[in-house]
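Engineer: Letter by letter, the chains look like this.
Number of protein chains: 2
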Amino acid sequence: MSKDRLYLYDTTLRDGQQTQGVQFSTPEKIRIAEALDALGVDYIEGGWPGANPTDSAFFDAAPTTRARMTAFGMTKRAGRSAENDDVLAAVMNAGTGTVCLVGKSHDFHVTEALGISLEENVENIRASIAHLTAQGREALFDAEHFFDGYKANPDYALECIHAAVDAGARWVVLCDTNGGTLPSEIAEITRAVIASGLPGDRLGIHTHNDTETAVAGSLAAVEAGARQIQGTLNGLGERCGNANLTTLIPTLLLKEPYRSRFETGIACEKLEGLTQISRMLDDILNRVPHRQAPYVGASAFAHKAGLHASAIVKNPATYEHVEPGVVGNARIIPMSNQAGQSNLRKRLADAGLEVEKDNPALPRILDTIKEREDQGYSFDTAQASFELLARKALGLLPEFFEVKRYRVTVERRKNKYDRMTSLSEAVVVVKIGDEKKLSVSESMDESGSDRGPVNALSKALAKDLGPYQRFIEDIRLVDFKVRITQGGTEAVTRVIIDSEDSNGRRWSTVGVSPNIVDASFEALLDAVNWKLIHEGAKP
Amino acid sequence: MSKDRLYLYDTTLRDGQQTQGVQFSTPEKIRIAEALDALGVDYIEGGWPGANPTDSAFFDAAPTTRARMTAFGMTKRAGRSAENDDVLAAVMNAGTGTVCLVGKSHDFHVTEALGISLEENVENIRASIAHLTAQGREALFDAEHFFDGYKANPDYALECIHAAVDAGARWVVLCDTNGGTLPSEIAEITRAVIASGLPGDRLGIHTHNDTETAVAGSLAAVEAGARQIQGTLNGLGERCGNANLTTLIPTLLLKEPYRSRFETGIACEKLEGLTQISRMLDDILNRVPHRQAPYVGASAFAHKAGLHASAIVKNPATYEHVEPGVVGNARIIPMSNQAGQSNLRKRLADAGLEVEKDNPALPRILDTIKEREDQGYSFDTAQASFELLARKALGLLPEFFEVKRYRVTVERRKNKYDRMTSLSEAVVVVKIGDEKKLSVSESMDESGSDRGPVNALSKALAKDLGPYQRFIEDIRLVDFKVRITQGGTEAVTRVIIDSEDSNGRRWSTVGVSPNIVDASFEALLDAVNWKLIHEGAKP
Chain A
0 MSKDRLYLYD TTLRDGQQTQ GVQFSTPEKI RIAEALDALG VDYIEGGWPG ANPTDSAFFD
60 AAPTTRARMT AFGMTKRAGR SAENDDVLAA VMNAGTGTVC LVGKSHDFHV TEALGISLEE
120 NVENIRASIA HLTAQGREAL FDAEHFFDGY KANPDYALEC IHAAVDAGAR WVVLCDTNGG
180 TLPSEIAEIT RAVIASGLPG DRLGIHTHND TETAVAGSLA AVEAGARQIQ GTLNGLGERC
240 GNANLTTLIP TLLLKEPYRS RFETGIACEK LEGLTQISRM LDDILNRVPH RQAPYVGASA
300 FAHKAGLHAS AIVKNPATYE HVEPGVVGNA RIIPMSNQAG QSNLRKRLAD AGLEVEKDNP
360 ALPRILDTIK EREDQGYSFD TAQASFELLA RKALGLLPEF FEVKRYRVTV ERRKNKYDRM
420 TSLSEAVVVV KIGDEKKLSV SESMDESGSD RGPVNALSKA LAKDLGPYQR FIEDIRLVDF
480 KVRITQGGTE AVTRVIIDSE DSNGRRWSTV GVSPNIVDAS FEALLDAVNW KLIHEGAKP
Chain B
0 MSKDRLYLYD TTLRDGQQTQ GVQFSTPEKI RIAEALDALG VDYIEGGWPG ANPTDSAFFD
60 AAPTTRARMT AFGMTKRAGR SAENDDVLAA VMNAGTGTVC LVGKSHDFHV TEALGISLEE
120 NVENIRASIA HLTAQGREAL FDAEHFFDGY KANPDYALEC IHAAVDAGAR WVVLCDTNGG
180 TLPSEIAEIT RAVIASGLPG DRLGIHTHND TETAVAGSLA AVEAGARQIQ GTLNGLGERC
240 GNANLTTLIP TLLLKEPYRS RFETGIACEK LEGLTQISRM LDDILNRVPH RQAPYVGASA
300 FAHKAGLHAS AIVKNPATYE HVEPGVVGNA RIIPMSNQAG QSNLRKRLAD AGLEVEKDNP
360 ALPRILDTIK EREDQGYSFD TAQASFELLA RKALGLLPEF FEVKRYRVTV ERRKNKYDRM
420 TSLSEAVVVV KIGDEKKLSV SESMDESGSD RGPVNALSKA LAKDLGPYQR FIEDIRLVDF
480 KVRITQGGTE AVTRVIIDSE DSNGRRWSTV GVSPNIVDAS FEALLDAVNW KLIHEGAKP
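Keeping their order, the protein sequence lines are chains A and B.
Numbering of the first sequence is given in numbering that gives the first Met the number 0, commencing with residue 0 and proceeding in unit increments.
Numbering of the second sequence is given in numbering that gives the first Met the number 0, commencing with residue 0 and proceeding in unit increments.
Calculated directly from the structure, the hints in this document are not laboratory data.
Hints are supplied without guarantee of correctness; some may be wrong.
[Claimed, not checked] Cut-off 16 Å, straight-line C-alpha distance, at most; resulting in silico cross-link-like pairs (EDC-like, lysine to aspartate or glutamate):
#, chain 1, residue 1, chain 2, residue 2
1, B, LYS254, A, GLU184
2, B, LYS435, B, ASP473
3, B, LYS403, A, GLU401
4, B, LYS462, B, ASP478
5, B, LYS413, A, GLU322
6, B, LYS462, B, ASP444
7, A, LYS254, A, GLU322
8, B, LYS462, B, GLU424
9, A, LYS254, A, GLU268
10, B, LYS480, A, ASP282
11, A, LYS403, B, GLU424
12, A, LYS430, A, GLU410
13, B, LYS458, B, ASP417
14, A, LYS430, A, ASP473
15, B, LYS313, A, GLU434
16, A, LYS313, B, GLU111
17, A, LYS458, A, GLU441
18, B, LYS403, A, ASP417
19, B, LYS480, B, ASP463
20, A, LYS150, B, ASP444
21, B, LYS150, A, GLU255
22, A, LYS254, B, GLU499
23, A, LYS413, B, GLU111
24, A, LYS403, B, GLU401
[Unchecked claim] Incomplete in silico selection of chain A near chain B, CB under 7 Å:
#, residue
25, VAL312
26, PHE399
27, GLU401
28, VAL407
29, ASN414
30, LYS415
This one's a predicted model, so the numbers in the text were calculated from it and none came from an experiment.
Using N, Cα and C, we set each Cβ at its ideal position, and we do this for glycine too.
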């Protein structure tokens with residue numbers, strides 16, 4: 000049986016950016032676009048060129064992708080031609096091969112929000128789509144409020160989308176803009192649209208999660224015949240979010256009846272990167288990943304109930320609907336120490352430390368990790384700090400030097416031009432063997448800008464480590480993440496530092512303290528020690 | 000038209016407790032049971048008496064509720080009578096009028112997990128349910144893995160649930176234990192069960208969220224004829240959670256076709272307490288409430304896109320599927336890069352600043368916001384900093400005092416017990432009118448722990464503001480969030496501070512700088528200035 004092709008349209012960079020508190024920078028947008036492209040989505044909606052500076056900058060710098068890069072905008076306004084609408088012109092000027100324009104299809108919105116006649120609105124849709132196709136662009140029409148519009152005035156809603164198709168739109172996307180339409184209504188109305196003469200392979204579905212049914216609504220539309228799904232990674236989006244592609248993609252690829260009936264642009268083995276992509280997005284947003292997220296959450300394959308856990312040991316299929324490894328996730332059995340130890344040995348081997356099965360250090364390491372994680376540490380990403388902790392328990396951690404004390408001063412005052420400026424200064428005192436070394440640095444970078452106290456501290460620590468100096472000269476601090484792990488006044492700060500050296504080696508370390516400078520210093524120290532070990536330095 | 004009665008069965012205290020990281024205390028269970036009862040659910044499943052000490056203690060102390068308090072357990076084991084099964088006896092001993100027993104209905108699980116014959120399992124179900132009804136208890140049978148079981152062996156799955164009904168079970172609950180069954184399959188199989196002679200008003204549905212369709216699956220079962228829904232508050236539960244009653248309840252009460260077709264035990268006006276109940280549960284669990292949660296999330300009615308915000312001002316129904324007040328939530332129009340002028344005016348009005356449509360300050364404010372957001376600021380959440388920025392542009396920001404300079408020192412060294420300890424000290428110099436004031440504070444809290452440089456700075460700033468001191472004494476820093484907005488060495492730190500005063504007023508401010516101490520100081524300053532304005536302080 001030949002499979003129907005389903006198209007996946009990602010709008011993380013546009014509708015996802017409508018999430019309260021989310022504002023991507025241009026480099027962040029580029030990173031996300033590259034990850035989406037590597038995954039294999041068909042369309043990447045990059046933003047609304049002209050609507051805000053970051054979106055315009057993104058299209059100027061947009062990476063070359065296999066996926067169709069799409070600019071978003073709105074249909075031309077009444078009273079001017081498509082050619083003379085400056086908002087539409089800015090969208091066209093982004094130069095993408097595909098353009099998606101949103102327009103009204105609900106009579107109430109035409110009269111209430113736009114204040115124009117129903118005929119004028121249809122003409123705006125027609126003229127705008129015709130303008131796109133005349134320019135050789137692939138055109139999508141996002142029919143805003145389509146379902147509410149259809150319920151209020153089915154003839155008018157259909158007239159709007161037929162106008163778009165007649166003008167050359169490749170896709171008409173049925174948008175449940177307010178997120179209030181339930182899956183059974185979505186199915187029914189999608190069938191009615193197809194019955195009106197619009198083929199399903201030109202229909203897309205765009206849902207929101209206001210009733211927690213965005214994923215189910217998308218599936219219902221596909222079952223009714225629609226062949227494009229719009230959504231976002233991690234379900235980001237306006238209000239309660241959009242349909243979650245991080246959930247929909249594995250459901251479509253792994254589960255029946257979809258798996259047998261459809262094919263997408265995503266190869267099954269790409270799913271193994273899904274958990275990582277989801278976490279990367281949370282990292283960019285500095286959000287705590289949602290533990291209970293389907294497929295990719297840390298708890299998605301955690302079996303806590305005693306009944307479940309014991310059956311899982313016999314046969315994982317007893318309590319798992321898919322195999323966790325397929326989506327790059329892992330099974331967790333919180334109660335099972337045995338599972339803990341074999342996991343740990345696997346992880347130690349990854350760090351080059353082969354430890355036998357009954358080594359008494361293994362339970363000690365597990366205890367230390369538990370205790371530290373209770374304090375706010377996280378060793379999931381901070382692989383290098385995990386390795387140092389394990390080495391210590393295994394007696395494999397040399398003491399290269401000792402930090403006797405440090406002091407950082409942050410000062411803000413007026414400079415000679417009467418402008419407020421800040422400067423930080425750090426003093427670090429270390430003892431190497433019998434020798435005491437005092438180093439001092441300040442936080443100014445080459446351009447004369449203040450980079451803050453952690454920068455000063457990092458420079459002072461790495462300034463003179465005597466015999467080790469040659470090993471650490473090429474360490475570069477490439478990323479620095481701060482997270483408050485407990486709310487309120489008892490806040491504890493977790494700092495994760497990513498370092499890199501001239502061999503392109505990259506490692507992550509963690510520090511935790513109520514004092515952010517201390518937490519940073521702990522992570523910096525781990526970074527230096529890890530590097531010394533891997534350079535083969537001898538104390 | 001007479002309405003069908005739908006029954007709501009809450010399992011927050013049992014399946015909800017299977018959430019990784021969740022363990023309720025007995026008093027917490029009592030608080031939650033009381034809230035559920037006040038809301039008006041029909042059944043409260045309190046736990047598994049005998050399975051763990053808290054559950055047993057809860058039933059001993061359980062509050063008297065209008066809702067039917069239900070004890071959970073499992074069907075008797077093979078090779079002993081229902082009367083002689085000690086696990087079942089512990090469940091009966093809780094003395095609840097209603098008892099729910101889980102049992103197998105999937106042949107694979109009978110042979111694989113239980114290791115007994117298919118006939119023995121049917122007999123265990125029959126004998127256990129008969130035992131409950133003989134004791135005068137209302138009996139529910141949770142048919143574990145029912146949907147997977149039906150797909151594998153429909154006759155056997157049906158035999159199991161018919162045995163329960165024949166033995167007197169009031170309800171048979173079709174459980175999608177692994178959460179892998181999609182809504183259309185749930186509908187189809189539920190219809191098949193009804194066609195087999197089991198009436199819908201004796202059928203319940205119990206779904207999990209492993210494909211993000213637990214809510215839709217419950218609705219599909221109801222559309223197919225089931226009349227009891229099992230779920231949890233905030234969608235707590237094993238792995239990805241159970242069907243979310245916090246979403247299902249307003250959908251059933253407010254939205255068509257449910258609103259016209261069904262009645263529940265929940266009065267419509269009780270919905271106004273829903274947001275509060277959801278937050279109370281998060282408080283108990285010390286979790287940050289999920290902003291994007293349907294109906295009750297802080298972002299559920301946040302309109303960020305410029306197009307949406309301008310229409311909302313004209314008529315809220317344009318972008319809201321229900322009225323936020325009905326579920327005890329509120330509309331938010333956050334300020335951001337995306338926003339247009341009408342959005343801005345609405346937001347200014349929320350802050351008590353009525354500004355006319357063509358005030359030339361409006362585009363200036365928008366420009367400033369855009370520029371600042373490019374630098375890493377975010378005004379979505381930092382409402383108070385937004386207000387100060389707007390007041391400045393409108394000439395409505397008095398200068399209460401001027402910060403001349405500050406200095407913070409962080410020192411780490413050995414104390415007299417030879418342990419490394421840290422201490423921060425801050426000096427802040429302000430000018431109030433012609434008077435210069437120097438204040439110094441350190442970072443030690445009452446317990447002698449170091450709280451870090453920002454704490455010291457905050458204390459020094461608020462130590463002596465002369466004539467303003469009485470207005471700011473009750474400011475309390477309740478939350479502190481740090482985010483690095485650009486990766487790499489050019490990292491810029493964004494700090495968001497939540498403050499609170501003795502009136503319970505809460506406000507958020509933001510600061511941005513490559514220097515985390517500077518960013519924090521900026522947010523602290525905004526917090527103090529906002530408070531002075533709202534106290535009516537005069538310079």
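Engineer: Does the structure break any of the earlier hints, and which numbers would those be?
Structural biologist: Numbers 2, 3, 4, 5, 11, 12, 13, 14, 15, 19, 20, 22, 23, 24, 25, 26, 27, 29, 30 - these are the hints that the structure violates, sorted from lowest upward.
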